[in-house]
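Peer 1: The chain contents come next:
2 protein chains.
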Amino acid sequence: MRRYCFILAGLLCVNYLLWADVYQAYRERWLQKAEEAIPQLHETRLRPVRLVRSVADSVAYQGWRMEAIPGLDVFYHTALKRGDVYILDFGRHMTGYYSFKLSLLDRAQDAPVRIKFTFAEMPIELNTPFDPYPGGLGRAWLQDEVITLPYIGEEVTIGRRLSCRYVKVEVLGDSPGFSFAMSDMSFRALSSAPAYVEELSETTPEIIRAIHRVGVETLRECMQTVYEDGPKRDQRLWIGDLYLESIANAESFRQFDLTKRCLYLLAALAAEDGQLHANVFEKPTPHPQYGTVCQDYSLLYNVALLEYLKDTGDRETALDLWPVVVNQIRLAMTYIDDTQLYNPQKNTPLWLFFDWRAGLDTYTPMQGLLVFALNKSYELAKLLGKEAEVKEWPALARRIKKAVRERLYDKKAGYFVSGADRQVSYLSQVWMVLSGVLSADEGKKALRRVMAMPEAVYPGTPYAYHYLVETMIQCGMEAEARQLLIDYWGSMVRKGADTFWEAYDPKDDLLSPYGFAPINSYCHAWSCTPIYFIRRYPEIFQR
Amino acid sequence: MRRYCFILAGLLCVNYLLWADVYQAYRERWLQKAEEAIPQLHETRLRPVRLVRSVADSVAYQGWRMEAIPGLDVFYHTALKRGDVYILDFGRHMTGYYSFKLSLLDRAQDAPVRIKFTFAEMPIELNTPFDPYPGGLGRAWLQDEVITLPYIGEEVTIGRRLSCRYVKVEVLGDSPGFSFAMSDMSFRALSSAPAYVEELSETTPEIIRAIHRVGVETLRECMQTVYEDGPKRDQRLWIGDLYLESIANAESFRQFDLTKRCLYLLAALAAEDGQLHANVFEKPTPHPQYGTVCQDYSLLYNVALLEYLKDTGDRETALDLWPVVVNQIRLAMTYIDDTQLYNPQKNTPLWLFFDWRAGLDTYTPMQGLLVFALNKSYELAKLLGKEAEVKEWPALARRIKKAVRERLYDKKAGYFVSGADRQVSYLSQVWMVLSGVLSADEGKKALRRVMAMPEAVYPGTPYAYHYLVETMIQCGMEAEARQLLIDYWGSMVRKGADTFWEAYDPKDDLLSPYGFAPINSYCHAWSCTPIYFIRRYPEIFQR
Chain A
35 MRRYCFILAG
45 LLCVNYLLWA
55 DVYQAYRERW
65 LQKAEEAIPQ
75 LHETRLRPVR
85 LVRSVADSVA
95 YQGWRMEAIP
105 GLDVFYHTAL
115 KRGDVYILDF
125 GRHMTGYYSF
135 KLSLLDRAQD
145 APVRIKFTFA
155 EMPIELNTPF
165 DPYPGGLGRA
175 WLQDEVITLP
185 YIGEEVTIGR
195 RLSCRYVKVE
205 VLGDSPGFSF
215 AMSDMSFRAL
225 SSAPAYVEEL
235 SETTPEIIRA
245 IHRVGVETLR
255 ECMQTVYEDG
265 PKRDQRLWIG
275 DLYLESIANA
285 ESFRQFDLTK
295 RCLYLLAALA
305 AEDGQLHANV
315 FEKPTPHPQY
325 GTVCQDYSLL
335 YNVALLEYLK
345 DTGDRETALD
355 LWPVVVNQIR
365 LAMTYIDDTQ
375 LYNPQKNTPL
385 WLFFDWRAGL
395 DTYTPMQGLL
405 VFALNKSYEL
415 AKLLGKEAEV
425 KEWPALARRI
435 KKAVRERLYD
445 KKAGYFVSGA
455 DRQVSYLSQV
465 WMVLSGVLSA
475 DEGKKALRRV
485 MAMPEAVYPG
495 TPYAYHYLVE
505 TMIQCGMEAE
515 ARQLLIDYWG
525 SMVRKGADTF
535 WEAYDPKDDL
545 LSPYGFAPIN
555 SYCHAWSCTP
565 IYFIRRYPEI
575 FQR
Chain B
35 MRRYCFILAG
45 LLCVNYLLWA
55 DVYQAYRERW
65 LQKAEEAIPQ
75 LHETRLRPVR
85 LVRSVADSVA
95 YQGWRMEAIP
105 GLDVFYHTAL
115 KRGDVYILDF
125 GRHMTGYYSF
135 KLSLLDRAQD
145 APVRIKFTFA
155 EMPIELNTPF
165 DPYPGGLGRA
175 WLQDEVITLP
185 YIGEEVTIGR
195 RLSCRYVKVE
205 VLGDSPGFSF
215 AMSDMSFRAL
225 SSAPAYVEEL
235 SETTPEIIRA
245 IHRVGVETLR
255 ECMQTVYEDG
265 PKRDQRLWIG
275 DLYLESIANA
285 ESFRQFDLTK
295 RCLYLLAALA
305 AEDGQLHANV
315 FEKPTPHPQY
325 GTVCQDYSLL
335 YNVALLEYLK
345 DTGDRETALD
355 LWPVVVNQIR
365 LAMTYIDDTQ
375 LYNPQKNTPL
385 WLFFDWRAGL
395 DTYTPMQGLL
405 VFALNKSYEL
415 AKLLGKEAEV
425 KEWPALARRI
435 KKAVRERLYD
445 KKAGYFVSGA
455 DRQVSYLSQV
465 WMVLSGVLSA
475 DEGKKALRRV
485 MAMPEAVYPG
495 TPYAYHYLVE
505 TMIQCGMEAE
515 ARQLLIDYWG
525 SMVRKGADTF
535 WEAYDPKDDL
545 LSPYGFAPIN
555 SYCHAWSCTP
565 IYFIRRYPEI
575 FQR
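Here the protein sequences line up with chains A and B, keeping their order. Counting in the numbering used here, the first sequence tops out at residue 577, every number present. Counting in the numbering used here, the second sequence tops out at residue 577, every number present.
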């Protein structure tokens with residue numbers, strides 16, 4: 035009998051380890067702290083600045099450019115008839131709520147009115163049929179709304195939050211019995227970013243100043259009640275975006291309440307085993323995207339918290355969230371196999387994101403990111419006086435670095451390879467530098483070699499380019515870093531970007547991680563980091 | 035100088051006559067009385083009773099029938115995926131507001147959901163593409179709504195009032211990231227009719243009882259805060275519908291507040307010269323359809339008021355609205371020319387409706403309706419002790435009757451003709467009987483001859499058939515009247531009508547006065563009058 039009791043106790047214990055909620059004692063308070071830090075949204079009421087039309091143009095980005103046409107002044111008094119199409123340009127990217135008012139021009143409304151609105155960040159969204167929808171994400175992200183109004187005359191606000199610069203108006207239903215016009219329209223643009231960011235000096239080259247301006251707009255638009263990844267599509271808090279947004283914010287708006295809120299929100303909504311979810315939603319009530327866990331993102335949370343502490347000195351928050359940091363390392367370590375490397379198959383396979391570049395092998399980048407996170411997490415431990423708790427971390431990092439060097443470094447070629455096919459990618463070198471596996475000199479050589487190889491896998495998103503620029507700076511490649519920023523983000527500016535795009539390959543304007551370019555986010559958080567570079571390293575970028 | 039003063043005074047006088055508001059002293063009070071009489075709307079919450087599918091069937095009305103399919107019980111738990119289509123049958127015609135609720139089946143909502151709803155009175159509305167729209171009335175009357183929901187879980191109510199029996203659900207946007215179901219849907223059906231109407235005795239033939247039931251449903255659905263013509267399309271108070279609805283109501287629901295409200299509302303919104311508008315709107319604030327004046331409708335207002343007085347004994351209202359009666363006659367008399375007939379060209383041409391039958395010549399029907407209105411208005415005068423005010427009316431009626439008989443009666447053929455082409459129509463005979471120009475015997479002969487002529491213009495709507503049945507009863511053609519009711523309204527019942535249709539020609543299922551059958555109203559006030567006949571003349575119809 036006693037023996038069975040032991041077995042039962044053992045089972046309960048295992049059960050507890052497997053199923054206990056490691057943050058049970060903290061969650062409620064964390065969520066409360068997250069709610070208390072909700073920043074105020076600043077409102078700006080905007081109206082269209084011109085009428086435009088779409089012009090097919092093979093030289094223009096994605097094949098379309100917008101051309102101003104006269105008539106905005108008379109538009110508000112022009113009878114709208116079925117089949118009429120107008121495109122209104124608000125002159126800037128906006129995130130918020132769209133309102134319009136229809137007014138009677140003559141007689142009495144004797145039928146409902148039906149209007150289709152299409153809200154577009156980019157011309158392509160106005161010139162590509164949405165249906166049949168070929169994309170891989172939810173069709174309903176596309177911003178077309180059909181409104182039927184039994185009674186005109188009152189201002190109507192479309193319920194869903196929108197992101198756009200352009201509004202296309204298509205009249206689907208009128209009546210021979212009366213005439214009406216769209217007598218007003220406006221957009222209530224929202225952001226939790228303060229209005230002001232210091233402009234760059236006029237001595238800074240115009241292209242840098244332009245990149246800075248677009249970066250500021252990008253970040254401002256993504257700063258809502260969380261750091262959103264894209265205000266048009268996804269509209270939620272992802273850890274990877276949080277990290278880059280928060281370091282860009284620290285160099286610009288310095289709206290640290292938002293960072294604090296996001297750190298607490300992610301913690302409060304982590305899985306019961308302690309692992310952070312890759313993203314969380316605020317509405318209808320805060321909840322994670324269950325089952326979406328991304329190993330690289332989980333670890334970058336630790337780095338984001340470290341940077342937050344360094345920027346703000348807010349030890350209370352950092353100490354509060356310290357258990358999250360410890361758990362992300364603990365859980366990642368369950369994937370270390372006998373070779374001392376992160377083995378994605380060792381435990382439940384987790385998503386390793388790193389970039390949207392199709393075919394990227396993430397094996398080697400993951401080793402580097404893990405070491406980078408160990409280093410940064412230990413730096414945080416030291417700042418918080420927690421080294422004793424995690425005294426094994428430096429040794430863990432050393433063991434991985436040693437193993438990585440032995441197993442993944444092509445010494446002869448002078449660069450790192452990844453996976454069974456020995457893939458050569460920019461990101462493998464990047465993470466080996468950021469982790470300290472490669473020295474600055476070795477990193478410079480590795481990067482120069484790889485970047486000279488046409489077959490090397492280059493980044494597919496501004497997210498991945500961010501780490502590349504950071505790496506170049508660390509390797510003393512200041513001129514190259516500056517040129518890369520100008521070439522990559524600058525070419526978006528030259529192609530007409532109001533805000534920086536989620537996915538961008540200068541060689542492929544129609545690149546989409548989701549099989550349909552209009553569903554791409556064209557104002558994307560992770561693309562805003564030129565602000566960070568330009569403002570943090572003025573000696574490199576502002577000259 | 036003095037001479038100019040006279041001229042000026044003369045001009046001012048003419049101006050006063052042309053422009054003075056003849057109801058200025060009454061309007062405010064009339065409108066207030068109309069508002070005070072707004073009836074309460076009774077609510078019924080309905081849910082679908084079965085899933086159905088559309089089956090093309092050349093024998094079925096308009097080519098489609100609905101077939102029940104199993105699965106309603108599991109529908110509420112079935113994951114909805116893009117491309118899915120379901121048709122829900124609520125089992126009866128409803129007017130009101132549709133609500134639904136989407137619920138998460140698994141994971142977290144990571145994209146908005148997009149659903150198209152099509153609300154249909156009839157199967158044809160679910161099986162005919164609405165666009166490109168070929169109809170002659172506003173496209174937006176068609177009841178398709180596209181809803182994008184960023185957050186599911188709450189009950190959503192579509193803002194516009196709808197009329198339907200069937201709801202088609204088409205899933206336009208889902209997401210690979212989660213599953214959802216439509217966990218609830220309901221319809222808040224509204225009517226100002228009391229719930230109860232006495233059923234017919236079981237000894238009454240089933241077809242008559244079925245016609246009665248469908249008539250009751252038709253009237254109930256059209257009884258909102260005014261007598262509407264069609265709750266799906268038009269949704270407003272027309273005088274012609276008011277007249278027929280109010281006499282049907284008097285025989286059934288006896289909700290006389292509604293009649294009173296409508297009589298006052300039409301009066302309060304009449305034109306400044308005293309002429310009633312053919313129809314008025316309640317929202318956003320009460321107003322007429324400016325410029326839409328229909329001579330036959332204006333005159334039928336007088337008849338409706340007379341019947342209201344006879345049914346209720348409400349002398350106060352009848353006396354209050356007496357000036358409107360006088361003005362309708364006065365204004366119509368301005369069209370009498372030297373031949374003593376109503377000449378549509380004598381003054382501003384007004385719409386003469388009578389029926390939607392294409393090509394109907396309204397000249398002769400108009401003479402008859404004018405005499406009918408004169409007779410009924412004089413009957414009203416007598417009930418109110420106002421004969422002295424209008425003592426010329428009987429003589430006017432006699433003069434028209436004499437002229438009509440001399441000029442429009444084909445004595446040899448024994449029927450009336452109309453217009454330059456001497457058109458032979460049912461309605462010419464009808465209005466000559468109702469006016470008393472033809473005696474019962476003459477009317478019977480005329481009708482029998484005309485109805486035996488294949489080329490005679492027969493009615494195109496239940497509205498016109500109403501007057502035909504009434505005429506037959508007056509002519510002692512009880513058996514024919516009964517048979518016509520069974521043949522005409524009964525054939526709608528046999529073709530599956532839940533409510534009686536706006537336009538119906540047994541020979542042309544796709545008849546539409548607006549060039550597109552789906553825009554027809556399939557629950558139309560003026561078609562409800564079998565209730566009136568069956569209940570008022572039980573000896574003819576209930577045996």
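Check the hints yourself; a few may be wrong.
Note: identical chains are not told apart, hence a pair may lie in one copy or across any two.
Here are the computed lysine-lysine pairs in the DSBU-like style, where the Cα-Cα straight-line distance is at most 35 Å [unchecked claim]:
no.	residue 1	residue 2
1	K115	K317
2	K425	K529
3	K425	K115
4	K135	K446
5	K317	K135
6	K445	K135
7	K436	K479
8	K425	K150
9	K150	K115
10	K135	K344
11	K478	K150
12	K115	K446
13	K380	K150
14	K436	K446
15	K317	K479
16	K150	K317
17	K541	K425
18	K446	K344
Derived from the structure by calculation, the hints contain no laboratory data.
Peer 1: Honestly, which of those hints from before does the structure not fit?
Peer 2: Result: hints 2, 3, 4, 6, 8, 10, 11, 12, 13, 15, 17, 18 break, sorted rising.
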